[in-house]
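> Residue numbers (the working numbering), protein chains in the order written: chain P, -12 to 102; chain E, 227 to 337.
No lab work stands behind these hints, which were simulated from the structure alone.
You may find that some hints are simply not true.
Simulated pairs of lysine-lysine, DSS-like, Cα-Cα distance not exceeding 30 Å [as the list claims (entries may be wrong)]:
| # | chain 1 | residue 1 | chain 2 | residue 2 |
| --- | --- | --- | --- | --- |
| 1 | E | Lys293 | P | Lys28 |
| 2 | E | Lys294 | E | Lys324 |
| 3 | E | Lys296 | P | Lys7 |
| 4 | P | Lys28 | P | Lys51 |
| 5 | P | Lys28 | P | Lys7 |
| 6 | P | Lys53 | P | Lys42 |
| 7 | P | Lys28 | E | Lys324 |
| 8 | P | Lys51 | P | Lys7 |
| 9 | E | Lys282 | E | Lys262 |
| 10 | E | Lys324 | E | Lys296 |
| 11 | P | Lys7 | E | Lys262 |
| 12 | E | Lys324 | P | Lys42 |
| 13 | P | Lys28 | E | Lys296 |
| 14 | E | Lys324 | P | Lys53 |
| 15 | E | Lys324 | P | Lys51 |
| 16 | P | Lys28 | E | Lys294 |
Residue-level listing of the chains:
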Amino acid sequence: GAVVSQHPSRVICKSGTSVKIECRSLDFQATTMFWYRQFPKKSLMLMATSNEGSKATYEQGVEKDKFLINHASLTLSTLTVTSAHPEDSSFYICSASRNSYNEQFFGPGTRLTVL
Amino acid sequence: GEDVEQSLFLSVREGDSSVINCTYTDSSSTYLYWYKQEPGAGLQLLTYIFSNMDMKQDQRLTVLLNKKDKHLSLRIADTQTGDSAIYFCAERDSSASKIIFGSGTRLSIRP
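Construct the complete structure from the given sequences, taking the supplied hints into account.
So this is what it looks like as structure tokens:
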């Protein structure tokens, strides 16, 4: 099957620092990757959609300068939370798809805690 | 905009059937999904149904779709402790890559 990994699985950082989360498709080429944020007892909220080699498309209300997304290869996308604050603490999940309309395969998520 | 709603909690006895319900608003939904999320993990696609179908069965899972009422349900037969998880209902229309998720139903199993 299609496997998607995320690294790190957990990260704790100080307020004001930047944190990078990696999402990798291990056994397929992912033209499109999606980044979600999940709040406790809440649904997954799509933050942005990225296509390999293009700029990410951000959902309304998501600050593109705060959540930097890079999708430089067909197997790797990164999300960088810049100048993190406690309100950025959340569970971040990525998914990868062979193209925009194919099934999305989800990573295991990254728990970010900002102190 | 599009919205997907489901109840937050469901508790069932081991061996009984679980029925998780979901309603959605987007009449142009083409694909309707059920995902399972175990604690601290990502989402696993359990099953999906096309909007032109009424029912889909896959082993212990039965999905029913009432397109007129925009109501989707997931029935898990002979519920086991390993079925404890959060179940997300989701929808997508054929012209969009974006999937809209419900808030998830936490299924707990009692002995």
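> Each of the hints needs a verdict: does it hold here or not?
Structure-based check of each hint:
no., hint, result
1, E:Lys293 x P:Lys28, "holds, 27 Å"
2, E:Lys294 x E:Lys324, "holds, 23 Å"
3, E:Lys296 x P:Lys7, "violated, 40 Å"
4, P:Lys28 x P:Lys51, "holds, 25 Å"
5, P:Lys28 x P:Lys7, "holds, 25 Å"
6, P:Lys53 x P:Lys42, "holds, 15 Å"
7, P:Lys28 x E:Lys324, "holds, 21 Å"
8, P:Lys51 x P:Lys7, "holds, 14 Å"
9, E:Lys282 x E:Lys262, "holds, 17 Å"
10, E:Lys324 x E:Lys296, "holds, 19 Å"
11, P:Lys7 x E:Lys262, "holds, 26 Å"
12, E:Lys324 x P:Lys42, "holds, 17 Å"
13, P:Lys28 x E:Lys296, "holds, 23 Å"
14, E:Lys324 x P:Lys53, "holds, 22 Å"
15, E:Lys324 x P:Lys51, "holds, 18 Å"
16, P:Lys28 x E:Lys294, "holds, 29 Å"
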